[in-house]
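For this one, chain A is given, so just place chain B on it according to the hints.
Chain order of the listed sequences is A and B. Residue numbers for the first sequence, in the working numbering: 2 to 414. Residue numbers for the second sequence, in the working numbering: 29 to 188.
To be clear, the hints were calculated from the coordinates, so they are not data collected in a lab. Don't be surprised by glycine CBs; every beta carbon is placed ideally from N, CA and C. It cannot be assumed that every hint is accurate.
Said to hold, decoys possible - In silico contact screen, one side only, chain A against chain B (beta carbon under 10 Å); selected entries:
#1 E325
#2 V327
#3 M340
#4 R344
#5 L345
#6 P353
#7 F356
#8 D361
#9 S380
#10 M384
What the hints assert, rightly or not - Taking CB as the label site, the calculated pair distances span:
#11 H133/B - P167/A: 28 to 34 Å
#12 D67/A - V165/B: 50 to 56 Å
#13 E77/B - V284/A: 49 to 55 Å
#14 V165/B - G290/A: 55 to 61 Å
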Amino acid sequence: MNTPLASETRCWPVEGLTRVPYWVYQDEDLYAREQEAIFRGATWTFLGLDAELARPCDWKTTFVGDLPVVVARDAAGELHAFENRCAHRGALLCLKGHGNSNEIACIYHNWTYDLAGNLIGVAFRRGLRGQGGMPAEAKPESQAPRKLRLANYHGLLFGTLAASTPPIEEYLGPEIAARVRRVMKEPVKVLGGYSQMLPNNWKLYLDNVKDTYHASLLHLFFTTFRINRLSQDGGVIVGGDGGNHVSYTLMNTGTRGDEYEQAGVRSARDGYRLEAPELLEAVDEIGDGITLQILAVFPGFVLQQIMNSLAVRQVIPKGVGRTELVWTCFGYASDDEAMIARRLRQANLIGPAGFISMEDGAATGFVQRGAAGAPDRASVVEMGGRDVASDGSRVNETSVRGLWQAYRRHMGL
Amino acid sequence: MAVDIALQLEVEHLLARYAHAIDDDRLEAWPEFFTATGRYRITTAENLERGLPLAIVSADSRAMMRDRVSALRHANIYEAQRYRHGISSTLVERLDDATARAVSHFTVVRIMHAGESLLFASGRYLDRIRLIGDGGVPQFEERIVALDSRQIDTLLAIPL
Numbered sequence: 002m003n004t005p006l007a008s009e010t011r012c013w014p015v016e017g018l019t020r021v022p023y024w025v026y027q028d029e030d031l032y033a034r035e036q037e038a039i040f041r042g043a044t045w046t047f048l049g050l051d052a053e054l055a056r057p058c059d060w061k062t063t064f065v066g067d068l069p070v071v072v073a074r075d076a077a078g079e080l081h082a083f084e085n086r087c088a089h090r091g092a093l094l095c096l097k098g099h100g101n102s103n104e105i106a107c108i109y110h111n112w113t114y115d116l117a118g119n120l121i122g123v124a125f126r127r128g129l130r131g132q133g134g135m136p137a138e139a140k141p142e143s144q145a146p147r148k149l150r151l152a153n154y155h156g157l158l159f160g161t162l163a164a165s166t167p168p169i170e171e172y173l174g175p176e177i178a179a180r181v182r183r184v185m186k187e188p189v190k191v192l193g194g195y196s197q198m199l200p201n202n203w204k205l206y207l208d209n210v211k212d213t214y215h216a217s218l219l220h221l222f223f224t225t226f227r228i229n230r231l232s233q234d235g236g237v238i239v240g241g242d243g244g245n246h247v248s249y250t251l252m253n254t255g256t257r258g259d260e261y262e263q264a265g266v267r268s269a270r271d272g273y274r275l276e277a278p279e280l281l282e283a284v285d286e287i288g289d290g291i292t293l294q295i296l297a298v299f300p301g302f303v304l305q306q307i308m309n310s311l312a313v314r315q316v317i318p319k320g321v322g323r324t325e326l327v328w329t330c331f332g333y334a335s336d337d338e339a340m341i342a343r344r345l346r347q348a349n350l351i352g353p354a355g356f357i358s359m360e361d362g363a364a365t366g367f368v369q370r371g372a373a374g375a376p377d378r379a380s381v382v383e384m385g386g387r388d389v390a391s392d393g394s395r396v397n398e399t400s401v402r403g404l405w406q407a408y409r410r411h412m413g414l
Numbered sequence: 029m030a031v032d033i034a035l036q037l038e039v040e041h042l043l044a045r046y047a048h049a050i051d052d053d054r055l056e057a058w059p060e061f062f063t064a065t066g067r068y069r070i071t072t073a074e075n076l077e078r079g080l081p082l083a084i085v086s087a088d089s090r091a092m093m094r095d096r097v098s099a100l101r102h103a104n105i106y107e108a109q110r111y112r113h114g115i116s117s118t119l120v121e122r123l124d125d126a127t128a129r130a131v132s133h134f135t136v137v138r139i140m141h142a143g144e145s146l147l148f149a150s151g152r153y154l155d156r157i158r159l160i161g162d163g164g165v166p167q168f169e170e171r172i173v174a175l176d177s178r179q180i181d182t183l184l185a186i187p188l
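Bound conformation, chain A alone (with noise of 0.2 Å):
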């Protein structure tokens, strides 16, 4: 007899986008669908930076989803990425974060494969003296690693296993493709990473991304100085199928009103200043006054412009209530040494230590376990009304529907 899964069971409430069911962080088997449906599904995964495979012969590991994934720059220059499973037992090829080498061997069988994953030796393929080897006609090739489709995006590698996954510029849609080249405006260059691990589902990550709602309630870093109030000009896009969104702040408005004050919100204390302003000296170096713009693209992906603290991020779920935060921080190839020590001292603000963003890391957490005997009951998502759309406020949950849009109609929920 088949008992049916958990999450074959689930309904999505009435109310629709404006829930969102406590279940969908902690089902098993929703995880294992999530796998199939969205990460080897029609999606774009971000797979790292093109500059941090700079020379040829360079390659990385990765993820999509669970999946384990090489990224690869051949000696003629062209970009692969194919599965990290070789076609034998199945073991990883690659088991360092990054490398340069001509060809990949796996460490169990020897068997060999060039930098576009395709399987080229099989170790004692014809046996030795005449004894032992494969059968003529076997054909070890047809569980060579499968192999991503790439695409290179003014820098940032995607992949994806669907054939039918749109071009990358169509998926990430007009409005958001133009804010990522607005970031990825020139070559960039590496000057960091460290990972960040999450103690809830992969989804909490996003949502705390697309809820511009929080951001200067929960960091009072941010308010205090006020380096982002929800007062300033500025606004959020959701493009693509509503997966993707954009939130921006623009500099020098709206930081004298007391609307915080009067409201009597926590974050509003005054009378707090930096004894090493230095912290925050930014200039304006993409020219449009925008301070800060952070960028997100389903389902694992976010590029961060604060101030002049340029970062990738990538949400790689390691199980139902696990996930790893992968942060790069990059700065232009052009950098003087001024700029590369501001990108490097306003590091301070990001990342598990970052004076405006240590507090995500335990707020998504705070879900997961504050929600954990409440599958049935779901959160409240409705700020700024029931739709999905762009918005001049950031006092809106229209990003968080988006997500949740995208989500329902990838997984059919």
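Same frame as chain A, but now just chain B:
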């Protein structure tokens, strides 16, 4: 090579006082372990090996360190937690009359308010020490905290 016992003890004493200050939640004392223009970095062994300059935390002065303590006390929101440092294998090398270099190993257990203990961090302290700093005691001119792992669990609030 003969061990300079007085120097060894002096450096180990500085390392011990530093760890006690953090583990006892005396964070306001943390910047005082540095010279006024002292450098502090938390980074990963991987970033160091690859010659990548990014740090998870960086400060170039006591003032920047005081700002971080002030933010931790008044602005940032995180669950109550404490550290317990273990420091070992301290190697000391005198650079000149005024300064020494030290490398030591550390492990830090993070204890959450609800009781969960986790091996939160391990790595090396790479220190340059001014032997006679303010008040006649040794101070860090530079302390690089090189984490063995590139993964940080949840968040890193309290300095290491």
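Status of each hint after checking the structure:
1. E325: Constraint on E325/A satisfied, holds at 7 Å.
2. V327: Result: holds, 9 Å to nearest chain B Cβ.
3. M340: violated (12 Å)
4. R344: At about 9 Å, which falls below the 10 Å cut-off, the nearest Cβ of chain B leaves the hint on R344/A intact, so it holds.
5. L345: holds (6 Å)
6. P353: holds (4 Å)
7. F356: holds (5 Å)
8. D361: Where the cut-off is 10 Å and the nearest Cβ of chain B is about 8 Å from D361/A, the hint holds.
9. S380: With a closest approach of 20 Å, the S380/A hint is violated.
10. M384: It is violated, given that the least Cβ distance between M384/A and chain B is near 20 Å, above 10 Å.
11. H133/B - P167/A: 28 to 34 Å: violated (51 Å)
12. D67/A - V165/B: 50 to 56 Å: holds (53 Å)
13. E77/B - V284/A: 49 to 55 Å: Because 31 Å falls outside the window, the suggested range is violated.
14. V165/B - G290/A: 55 to 61 Å: Between V165/B and G290/A, where Cβ atoms are some 48 Å apart, the hint is violated.
In summary, the structure is inconsistent with hints 3, 9, 10, 11, 13 and 14 from the numbered list given earlier, while agreeing with the others.
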